[in-house]
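Colleague: Guided by the hints, dock chain B onto chain A, whose structure is given.
Taken in sequence, the protein lines are chains A and B.
No gaps in the numbering here: position 87 of the first sequence is 86 in numbering that gives the first Met the number 0, and each next residue is one more.
No gaps in the numbering here: position 28 of the second sequence is 27 in numbering that gives the first Met the number 0, and each next residue is one more.
Keep in mind the hints are simulated off the structure, nothing from the lab.
Note that the coordinates shown come from a computational prediction; the quantities given were computed from them, not determined experimentally.
Among the clues, some could well be false.
[As the list claims (entries may be wrong)] With a straight-line Cα cutoff of 30 Å, these simulated DSS-like cross-link-like pairs (lysine-lysine) come out:
no., chain 1, residue 1, chain 2, residue 2
1, B, K17, A, K35
2, B, K3, A, K29
3, A, K62, B, K3
4, B, K3, A, K35
5, A, K29, A, K62
6, A, K29, B, K121
7, B, K62, A, K29
8, A, K35, B, K121
9, B, K62, A, K35
10, B, K17, B, K121
11, B, K121, B, K62
12, B, K121, B, K3
13, A, K62, B, K121
14, B, K62, A, K62
15, B, K3, B, K17
16, B, K3, B, K62
17, A, K29, B, K17
18, B, K17, B, K62
19, A, K62, A, K35
20, A, K62, B, K17
The chain contents come next:
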Amino acid sequence: MTGTVRDEDWVGGSAVILDPTGLHARPAVKLTKLAKTFQSAIEIRADDGTAWTNAKSPNAVMKLRAGHGLPLHIRAAGDDARAAVDALVALVDQNFND
Amino acid sequence: MNDKVSIVIVSHSADVAKGTADMVRQMVGDDVRVAFCGGNPDGGLGTDVAAIMAAIESVYSPKGVAVLVDLGGAETNSEVAIEMLPDGRGANVQICNAPVVEGAVMAATEAASGASLEAVRKTAEDF
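Excised from the complex, chain B in its bound form:
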């Protein structure tokens, strides 16, 4: 499974994050690994650096991880999470500048073919 780029979904809402991951799995299938996180540690809206790091680590592959985020803090916290990844893993993780739901489906569709992280990101961002 490590021969494909993985997808991580980061939303302020746990429901949006889970719903987006469900869409990706149902539309693209199980051949791409998908992780998601959303909400703050208190169960409200927000994003959490530790949760984002855990989501990335859970599907990490040297082939790459494409991260889809929603608003403001989701992006800045994802940037912090990527910087804090151990062993230089952050070099293989990129945030896609794309809408979270559409970008996640597009990125996963591209990733399913075994495409590079750069190609996956481009497909998500071309949407």
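Excised from the complex, chain A in its bound form:
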């Protein structure tokens, strides 16, 4: 799906991961569930990584091992891309409501 997205179509954002354990299993599930409520393609990237990962895949998000104190980068492409990025940034900003 994301292979057809042109670079200029992505809407981006980022938020710092506050949890001392980083993006561990429970927050990863919350992020995935929220991402799945949007139609847009959504990807995330750890600050120390170059690869973008499908935010709607619980396996992929958990394997990302995004660390504490670093920004999580988020991008989306599609009709509700802006809303999706805003919602995911807010979730990370609120420390996943943990």
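Modeller: Then chain B, alone, in the frame of chain A:
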């Protein structure tokens, strides 16, 4: 609630089955129906076809039921239980080839989005 695939957890241990269901509920929430069974009728380790059938029936939905099992007999007894379900319901029930705890959490996360049984099973098995 019937618009989502349900999850059934089958372990040799009643404690493992209940603990896995607790993890799913706490991590994924209550929007996916989860049933579990474990142990033999005498309270020891094992699995029981009648208990597995009851667990599946308790959360059955035409949308589908994903079954997560642990070792050997849990799988064979689950296969028997699925075959014995009435009214062709077994066609909407699938065993996931995935580790029971991790697979249950992954399957429930996928199911929460309203995904198909096939998508739920794939997510569990990709772990």
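Colleague: Of all the hints numbered above, which does this structure not satisfy? Sort the numbers upward.
Modeller: No numbers; nothing is violated.
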